[in-house]
Amino acid sequence: MKQAFPFAAIVGQDDMKLALLLVAVDRSIGGVMVFGDRGTGKSTAVRSLASLLPPMAVVSGCRFNCDPMAPASSCANLCEVRHESGTPPPSESMAVPVVDLPLGATEDRVVGALDLERALTRGEKGFEPGLLARAHRGFLYIDEVNLLEDHLVDLLLDVATSGENIVEREGLSVRHPARFVLVGSGNPEEGELRPQLLDRFGLSVEVKTPANLADRVEILRRCDAFERDREAFTASWAGQNLATGDLIEASRGRLGQVTISDAILETLAKLCIAMGADGLRGELTLMRASRAAAALADEPEVTLDHVRRVAAMALRHRLRRNVLDDSGSTARIDRAIAEVLGS
Amino acid sequence: MSDRTAEMRWDDAHLAALLLAIDPVGLGGVALHGPAGPLRDQWTDYLRAALPEGAPLRRMPVGIEDDRLIGAVDLPATLRSGRPVLQRGLLAEADGGAVVIPMAERLSLSVVARIAAALDRQEVVLEREGLARRIPTRLAVIAFDEGMGDDEQMPAMLFDRLAFPIDFSSLNKVMPLVDLPDMTAARDRLREIAAPSDAILEVLVGTAAACGLGSVTAPLLALRAARAAAALRGSRIVEPQDAEVAARLVLGPRALTAPADPDAAPSDTQEPQEEPPQEEPPQDPDQGGDQQDPANPAPKDGPSLEDLILAAAQSALPDGLLERLRQGGTDRQPASRRVGRGMAENSPLRGRPAGVRQGALRPGSRLALVDTLRSAAPWQGVRKAQQDDDVKRPLIQVRREDFRLKKYVQRRESTIIFCVDASGSAAFQRLAESKGAVELLLAEAYVKRTYAALVVFRGQGAEMSLPPTRSLSRAKKLLAELPGGGGTPLAAGIDMARAAAVSERAKGRDPLIVLLTDGRANIDRKGEPARPGANLDALDAARQSASSKIATVFVDTAPRPREEGAAIAAAMEARYVALPYVEAGAVRDVVIAQKVGK
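From first to last, the protein sequence lines stand for chains A and B. Counting from 356, one number per residue, gives the positions in the first sequence under this note's numbering. Counting from 1248, one number per residue, gives the positions in the second sequence under this note's numbering.
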């Protein structure tokens, strides 16, 4: 397994890094969609996220990553039943999964299927969990998500909404929790994303190569150092990576105490209306993202600054599509923010 | 036009092969443009000799499927052992060597995406048919591109990852091979190359920007090429001469703007970016020199490093770049390279995989082996118990009801070719609303697999303003500015739309022409103003289009429709719709009605 480029060593790309941190702090924000050109470090950032995240506790032996404190009612391992019987299940700690869903994956590996080996060798009917099970409580990453086959997209849409994977195939009937943060990346020049799928992402960011030549030189310098000695380079960034991990953990702890005033809530609603962002989801995401931003900044209350920082990423992909309006969605958002929040 | 001699090109192609053989994984590979032939074979043999002994060089068949590309279950072995056994795909088989891709301009995007993922990760992440594996794929890609013209180019997703674009298209004589240096020593030295100086890094980034290359990928590939060049020289230090080689082999041939052009945008040209002024290395604000000629900076002690490297890049600009720039055709740059598509995806044998279903095996259907085994597996105990002991039975009993077949959705793709009359006073409205209709259709197109194209005719002739595309963002970019006004060369418009339709049909898509005009032709096929002649030409073009059996909708945009329009529509065997107040939504509805009605 290749060593991942350290998250902290990524030059610039503040929006993308912030979006990933926000969802790491508050998973209920939903996923992150990263649009951008090649060579902007999209997949690097996502894959290096794994090494940042504080480990999580799981029920020992549960193949569905059940939380020992709140086992899922739908867990096929019956963790909840064991939990309610009074004896708390033994638990262990594991790294938060960041699971790749590669192009070309077949349905059986995504949703899970009959364990062929057990069936053939021992004649037993067993369930072999798929990627959705592995990603529970973690991240599911799809690079070039706009190229994913339609039938897999349909599957994902369903599970991403219900948080539960229901498998009915080959005489198996299995239900298990599958709540994951969906992270996608892609280049819009290579095909559009289905609006239904786009809607499942809480945040969306656009990444571009830094315009500034000094930044590009710095990127080149770090890539060179990484390629010449991965271990030394990773070690030299370990401290900063660790600090980011601590920040995520501390922010999660603070999240519950962050308050949000009625005035701010009203502003959020106004902002969504001004932009014609469809549905309640936009408002909810905007609120959660602002709160997570406040927690990351270690501030007790959500302010307009936090809203301003996350508004574009929370709303950009929800704007009602007006293909005749040539001004980009970012420009429209900036305009609305200026109108509603004042500059 | 770059004026490099054939010998220089041939030598550089060899140098590229050597550098690639020193760092195949880092450099990604070559994009070799030119016809199949002895030169290409000779070059490939040279590369093979330069690569480590025994390094695999696997050729990728056109229209390869996932099973062979990234891997699948090895059925006989699986049956024998009772557990899923991996059959590696072509990419994994080329681990440690290279994959050779002929006709890379025809690759489908889904194949390219898998190759790109393997290049980036140096492994194939396989999640297929009960297998979950990571298989090492440390390889280079040798992509042969025989494409002619802008229409046929290798997908950018692949091109951008390959360090060396090589152009053989203007070489026509066989030339002597260059001797092979000690490659093993060079490869060993590569690991010991010291960190490059800041000056080297800056000059590579600066030169890439001057060539209009806005991403970090290009300078990074150039840096790796410079490292390999140093190793090849027998040095452990990256020197200016290595950067020069990198600029000539990596940056120059992929240039989008000519570096010498003082107006050339230094970076991303898409949007005006506020570049902090101090970032731009000012071109020598010589002390007190009031109006220094920028082409002749004050004499110094020899040329500066930047000048040297820029000159190296300039010596290898792609053929025709300056020509294109002069014509203002900057949109036809490789940045918006066409998304290549293979025949395979459109062939009726294939379509897109869409899961698995139960069913009987018939000729042409494809067995989903693993799913079939899965459905048979639970019954093995029962079936074995039922059988006669004397009869020799297979290890695993598969019965008809177990068969699972691969399901493919056969969605015929279609292309809507808007052919828009941009002449006269109504031009602006017609153009604006046709653009709107293109964008509306593309916005909805992903489900319907619809491509849209736009042919505009005005003045003396017709022009393909938007080649068939499915990308809304690409369409928006190309449609941003379209001029209007002038005469009505209707015949030229119809001819071009028909040619586009025929070429789309050859790609396996159903073409539909939507012609928006008031039908009043006044420019004939020769580009001369002649009303009766123009009309006759238009009628002739219309009849030809009808004989090609291309579905057509004629949208008459005249304020008061007259007979000419209807006559041309009849000659085209088109559906006739009068729409005096053109409006994007209405045009879209007409198109959808036509497609549903079929």
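I should point out that these hints are in silico values taken from the structure, not numbers from a laboratory. Do not rely on the hints blindly, as some may be mistaken.
A few chain B residues facing chain A, derived, Cβ under 7 Å [unchecked claim]:
no., residue
1, Arg1375
2, Asp1407
3, Leu1448
4, Ser1622
5, Ala1624
6, Ser1720
7, Gly1733
8, Ser1795
Okay, derived cross-link-like pairs now, BS3-like style, lysine-lysine, Cα gap no bigger than 30 Å in a straight line [said to hold, decoys possible]:
no., chain 1, residue 1, chain 2, residue 2
9, A, Lys563, B, Lys1631
10, B, Lys1723, A, Lys563
11, B, Lys1754, B, Lys1653
12, B, Lys1754, A, Lys372
13, A, Lys372, B, Lys1723
14, B, Lys1754, B, Lys1723
15, A, Lys625, A, Lys480
16, B, Lys1723, A, Lys480
17, A, Lys625, A, Lys372
18, A, Lys480, B, Lys1654
19, B, Lys1653, A, Lys480
Beta carbons: idealized from backbone N, C-alpha and C, even for Gly.
Here is how each hint holds up against the structure:
| no. | hint | result |
| --- | --- | --- |
| 1 | Arg1375 | holds (5 Å) |
| 2 | Asp1407 | holds (5 Å) |
| 3 | Leu1448 | holds (5 Å) |
| 4 | Ser1622 | holds (6 Å) |
| 5 | Ala1624 | holds (3 Å) |
| 6 | Ser1720 | holds (5 Å) |
| 7 | Gly1733 | violated (24 Å) |
| 8 | Ser1795 | violated (29 Å) |
| 9 | Lys563/A / Lys1631/B | violated (62 Å) |
| 10 | Lys1723/B / Lys563/A | holds (18 Å) |
| 11 | Lys1754/B / Lys1653/B | holds (24 Å) |
| 12 | Lys1754/B / Lys372/A | violated (42 Å) |
| 13 | Lys372/A / Lys1723/B | holds (29 Å) |
| 14 | Lys1754/B / Lys1723/B | holds (24 Å) |
| 15 | Lys625/A / Lys480/A | violated (55 Å) |
| 16 | Lys1723/B / Lys480/A | violated (53 Å) |
| 17 | Lys625/A / Lys372/A | holds (27 Å) |
| 18 | Lys480/A / Lys1654/B | holds (25 Å) |
| 19 | Lys1653/B / Lys480/A | holds (23 Å) |
Hints 7, 8, 9, 12, 15, 16, counting from the list given before, are not met by this structure.
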